[in-house]
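2 protein chains.
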Amino acid sequence: MKIEILNTGSELLLGSTANTHGTWMGQELAKMGLRVQRQTTVPDGVAIEEALAECISRSEAVLVTGGLGPTSDDITREAAAKALDVELMVDEGAKRSLYEFFEKRKYPMVKANLRQAEVLVGADVIPNPNGTAPGIYTPPRLSGSANCALFLLPGPPRELYPMFHAEVAPRLKALSGVETISEVSELRFVGIGESSFHEGIDEKLAEIEGLEVGYCARLGEVDLRLIGSPEAILAGRTIAESAFSDFLIGDEGFSLEEVVVRMLTEKGTTLATAESCTGGLIASRVTDVSGASAVLTHGFVTYSNEAKHQLIGVQEETLRRHGAVSEEVAREMALGAQRVSGANFAISVTGIAGPTGGTEEKPVGTVCFGIATPTGVETFLECHPRSRADFKQQSSHRALDLVRRAVRDLNS
Amino acid sequence: MKIEILNTGSELLLGSTANTHGTWMGQELAKMGLRVQRQTTVPDGVAIEEALAECISRSEAVLVTGGLGPTSDDITREAAAKALDVELMVDEGAKRSLYEFFEKRKYPMVKANLRQAEVLVGADVIPNPNGTAPGIYTPPRLSGSANCALFLLPGPPRELYPMFHAEVAPRLKALSGVETISEVSELRFVGIGESSFHEGIDEKLAEIEGLEVGYCARLGEVDLRLIGSPEAILAGRTIAESAFSDFLIGDEGFSLEEVVVRMLTEKGTTLATAESCTGGLIASRVTDVSGASAVLTHGFVTYSNEAKHQLIGVQEETLRRHGAVSEEVAREMALGAQRVSGANFAISVTGIAGPTGGTEEKPVGTVCFGIATPTGVETFLECHPRSRADFKQQSSHRALDLVRRAVRDLNS
Numbered sequence: 001m002k003i004e005i006l007n008t009g010s011e012l013l014l015g016s017t018a019n020t021h022g023t024w025m026g027q028e029l030a031k032m033g034l035r036v037q038r039q040t041t042v043p044d045g046v047a048i049e050e051a052l053a054e055c056i057s058r059s060e061a062v063l064v065t066g067g068l069g070p071t072s073d074d075i076t077r078e079a080a081a082k083a084l085d086v087e088l089m090v091d092e093g094a095k096r097s098l099y100e101f102f103e104k105r106k107y108p109m110v111k112a113n114l115r116q117a118e119v120l121v122g123a124d125v126i127p128n129p130n131g132t133a134p135g136i137y138t139p140p141r142l143s144g145s146a147n148c149a150l151f152l153l154p155g156p157p158r159e160l161y162p163m164f165h166a167e168v169a170p171r172l173k174a175l176s177g178v179e180t181i182s183e184v185s186e187l188r189f190v191g192i193g194e195s196s197f198h199e200g201i202d203e204k205l206a207e208i209e210g211l212e213v214g215y216c217a218r219l220g221e222v223d224l225r226l227i228g229s230p231e232a233i234l235a236g237r238t239i240a241e242s243a244f245s246d247f248l249i250g251d252e253g254f255s256l257e258e259v260v261v262r263m264l265t266e267k268g269t270t271l272a273t274a275e276s277c278t279g280g281l282i283a284s285r286v287t288d289v290s291g292a293s294a295v296l297t298h299g300f301v302t303y304s305n306e307a308k309h310q311l312i313g314v315q316e317e318t319l320r321r322h323g324a325v326s327e328e329v330a331r332e333m334a335l336g337a338q339r340v341s342g343a344n345f346a347i348s349v350t351g352i353a354g355p356t357g358g359t360e361e362k363p364v365g366t367v368c369f370g371i372a373t374p375t376g377v378e379t380f381l382e383c384h385p386r387s388r389a390d391f392k393q394q395s396s397h398r399a400l401d402l403v404r405r406a407v408r409d410l411n412s
Numbered sequence: 001m002k003i004e005i006l007n008t009g010s011e012l013l014l015g016s017t018a019n020t021h022g023t024w025m026g027q028e029l030a031k032m033g034l035r036v037q038r039q040t041t042v043p044d045g046v047a048i049e050e051a052l053a054e055c056i057s058r059s060e061a062v063l064v065t066g067g068l069g070p071t072s073d074d075i076t077r078e079a080a081a082k083a084l085d086v087e088l089m090v091d092e093g094a095k096r097s098l099y100e101f102f103e104k105r106k107y108p109m110v111k112a113n114l115r116q117a118e119v120l121v122g123a124d125v126i127p128n129p130n131g132t133a134p135g136i137y138t139p140p141r142l143s144g145s146a147n148c149a150l151f152l153l154p155g156p157p158r159e160l161y162p163m164f165h166a167e168v169a170p171r172l173k174a175l176s177g178v179e180t181i182s183e184v185s186e187l188r189f190v191g192i193g194e195s196s197f198h199e200g201i202d203e204k205l206a207e208i209e210g211l212e213v214g215y216c217a218r219l220g221e222v223d224l225r226l227i228g229s230p231e232a233i234l235a236g237r238t239i240a241e242s243a244f245s246d247f248l249i250g251d252e253g254f255s256l257e258e259v260v261v262r263m264l265t266e267k268g269t270t271l272a273t274a275e276s277c278t279g280g281l282i283a284s285r286v287t288d289v290s291g292a293s294a295v296l297t298h299g300f301v302t303y304s305n306e307a308k309h310q311l312i313g314v315q316e317e318t319l320r321r322h323g324a325v326s327e328e329v330a331r332e333m334a335l336g337a338q339r340v341s342g343a344n345f346a347i348s349v350t351g352i353a354g355p356t357g358g359t360e361e362k363p364v365g366t367v368c369f370g371i372a373t374p375t376g377v378e379t380f381l382e383c384h385p386r387s388r389a390d391f392k393q394q395s396s397h398r399a400l401d402l403v404r405r406a407v408r409d410l411n412s
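Residue numbers (this note's numbering), protein chains in the order written: chain D, 1 to 412; chain B, 1 to 412.
Please keep in mind that the hints were generated in silico from the structure rather than gathered at the bench. C-beta: ideal position from N, C-alpha, C; glycine also. It cannot be assumed that every hint is accurate.
Here are the simulated BS3-like pairs of lysine-lysine, each with C-alpha atoms no more than 30 Å apart in a straight line [to be verified]: (1) D:362 <-> B:2; (2) D:2 <-> B:2; (3) D:362 <-> B:31; (4) D:95 <-> D:82; (5) D:204 <-> B:204; (6) B:2 <-> D:82; (7) B:82 <-> D:2; (8) B:204 <-> D:106; (9) B:106 <-> D:204; (10) B:104 <-> D:111; (11) D:362 <-> B:95; (12) D:204 <-> B:2; (13) D:204 <-> B:31; (14) B:204 <-> B:31.
Now the in silico label distances, taken between C-beta atoms and shown as ranges [said to hold, decoys possible]: (15) D:207 <-> B:103: 28 to 36 Å; (16) B:57 <-> D:174: 31 to 39 Å; (17) D:378 <-> B:237: 51 to 59 Å; (18) B:121 <-> D:357: 24 to 32 Å; (19) B:57 <-> D:158: 35 to 43 Å; (20) D:100 <-> B:193: 46 to 54 Å; (21) B:103 <-> D:183: 36 to 44 Å; (22) D:162 <-> B:378: 39 to 47 Å; (23) B:170 <-> D:122: 47 to 55 Å; (24) D:355 <-> B:342: 22 to 30 Å; (25) D:356 <-> B:57: 46 to 54 Å; (26) D:169 <-> B:82: 36 to 44 Å; (27) B:306 <-> D:376: 23 to 31 Å.
All chains should be built: construct the whole structure from the sequences, respecting the hints.
In structure tokens, the structure reads:
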């Protein structure tokens with residue numbers, strides 16, 4: 001079923017309001033096994049009519065949000081009436097609801113509000129218990145040969161979301177006529193780039209009949225999205241999991257920090273952090289997860305050499321001889337944080353975030369990690385020459401992945 | 001000038017990623033005095049070609065994001081070549097940059113990446129210092145009678161944003177042919193809500209002829225945007241500044257943490273942080289700012305009572321009597337962090353982020369702050385019952401604002 005979303009509102013195009021409707025409805029429809037084929041945003045006013053006509057001619061269901069208010073630039077009703085070539089009329093039930101809404105809240109009702117009781121002849125009025133504008137549904141037959149179902153929905157989320165669940169979802173389900181056609185499965189991989197998937201498994205996945213494959217890459221991680229029948233998805237998952245099991249952290253929707261906190265919790269272990277260049281970001285990401293208090297005991301932000309020495313016992317001699325950004329210092333930071341905190345694991349990061357501070361030998365982006373475990377300590381030297389924010393993000397991601405791997409390998 | 005945005009990516013329509021590009025570019029263009037006429041999202045794959053052809057026939061400039069990656073569903077280059085009826089060819093400069101990018105990072109470069117060096121014949125290659133895919137710009141003449149300028153831009157924000165500022169904005173400015181008709185001025189206020197502006201100064205601002213007023217409210221801060229002639233803007237600024245001077249942190253574009261680091265630097269002072277519920281977020285935000293190393297000496301993430309006692313000397317008696325979330329503990333945390341670090345200022349936060357851990361007396365959202373200065377210590381008790389992420393964000397914002405106010409008031 002070809003479904004399209006049309007969002008109206010000048011504020012969306014000015015960027016003063018984020019378009020969360022498109023995202024939210026996309027998620028809700030995906031859960032029902034339905035896909036949005038296109039999403040369009042147009043400003044308030046005449047552009048709605050043109051865009052609406054295009055949508056109707058192209059799709060089987062169109063969901064329009066916004067433009068049902070009482071002011072002069074709210075013309076979604078009129079645009080739909082023109083696009084479908086039907087009349088508008090005042091609906092007595094909608095009018096009564098409007099009066100009741102205002103009376104109940106003791107708001108003054110102005111004449112402009114009465115426009116909100118107008119609906120297309122032949123349409124269903126969708127009650128809106130949370131606002132003044134009712135929704136409007138026109139069945140496919142009203143659009144003639146286009147055969148397109150049209151939903152006019154209010155813009156405010158507190159009105160739209162309940163209306164979608166109560167009135168839109170059931171109608172779409174009936175219209176699409178099929179119980180869930182396909183399923184969606186998402187896998188999240190950390191520490192591996194998108195191109196490795198292309199080289200490694202893209203061809204094998206392409207051979208699976210009826211499987212749709214998508215990737216979404218972010219700094220330090222890739223989500224693999226599989227859409228198709230349960231059998232096709234299982235076949236795809238098997239290929240991806242066996243090729244990149246080392247990098248798989250779980251189903252999409254769980255962040256790396258959630259996985260780390262869960263693993264630490266399950267093994268009854270604790271973590272301390274010793275951060276220089278990431279400046280507290282690792283600890284902050286861990287504490288984004290509810291339940292982190294049971295696993296994160298101490299976090300040290302040791303930006304200065306003095307703090308590294310004073311708080312976690314990095315030796316002045318080591319700092320002098322190897323410099324603050326070195327595997328030797330990372331090692332002592334991890335071991336020191338582990339010792340002072342008494343935690344089972346300690347992760348340390350020291351690096352040059354930039355934009356200044358780099359040298360020929362240690363350019364901006366140089367970063368050293370130390371991971372202290374119950375059985376020893378390991379260090380790593382890498383280089384990620386990126387913007388300061390990206391450097392911090394990627395370094396914290398790598399650090400959390402080192403914790404994940406260390407906890408996973410404990411007692412195994 | 002008719003400008004359109006075309007966002008590509010199945011993840012946007014599935015709702016697994018929010019479409020922040022449209023919002024961001026809308027804001028940036030509005031600042032330049034340009035308006036987006038339409039924004040469209042299509043899935044990866046063949047739909048791009050159809051949508052692109054429509055955009056080109058309808059508008060004078062089209063900004064396309066995404067689909068420049070190395071995998072098989074990244075076909076924006078090919079779609080644009082078909083829509084404009086020109087060939088693709090490997091650009092030697094882009095190819096060299098690709099090799100350099102991978103060499104510098106010691107990543108393996110795979111064959112698929114080479115596709116990213118392909119550009120449309122006659123197009124400008126836009127360098128991408130932050131990623132592998134260069135941007136592509138085709139001037140209006142390449143589209144024949146459509147006379148439409150086309151920008152193909154990478155999807156990741158860390159690549160898109162700098163490219164937009166460096167390469168897209170100047171070209172659009174030249175194409176639109178008009179020097180900015182009106183100016184834009186933005187003021188950022190912290191610790192005050194949008195409704196205070198509506199109540200306080202909206203009517204006065206409305207009386208200024210030719211002044212367009214916009215607000216953008218986020219957790220803990222409001223940006224006031226004024227668009228108009230220099231005189232109108234000056235009049236608007238004067239009203240806003242005098243009404244809310246205590247909350248004004250400066251021009252939009254400077255974050256609160258940047259303001260704090262600048263103020264600490266200017267006064268030659270230092271800061272330490274002692275964080276419980278914010279878990280390192282305050283320190284991380286401070287270290288997002290280049291130059292933070294000169295002002296942030298120590299950061300303590302003391303999630304556990306033990307760490308509060310061990311690292312910054314919070315007395316066990318105080319914890320027992322008042323509980324970890326109390327002004328008394330916040331006071332000792334701030335004073336302890338100041339003492340141990342030797343910093344001039346220390347900020348502390350302890351609270352209940354939730355979703356669990358609240359009590360009748362101290363519900364979820366309860367948060368205590370302590371700010372130790374060279375002349376004393378102050379504490380604050382507040383309640384922000386929000387989601388865990390929002391609670392952390394708002395608490396860190398409030399904490400940074402307390403530092404800003406304390407540093408501002410030093411020696412004054």
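Exercise for the section: If any of the earlier hints don't hold here, list their numbers in rising order. Expected result: 1, 3, 5, 10, 12, 13, 18 and 20
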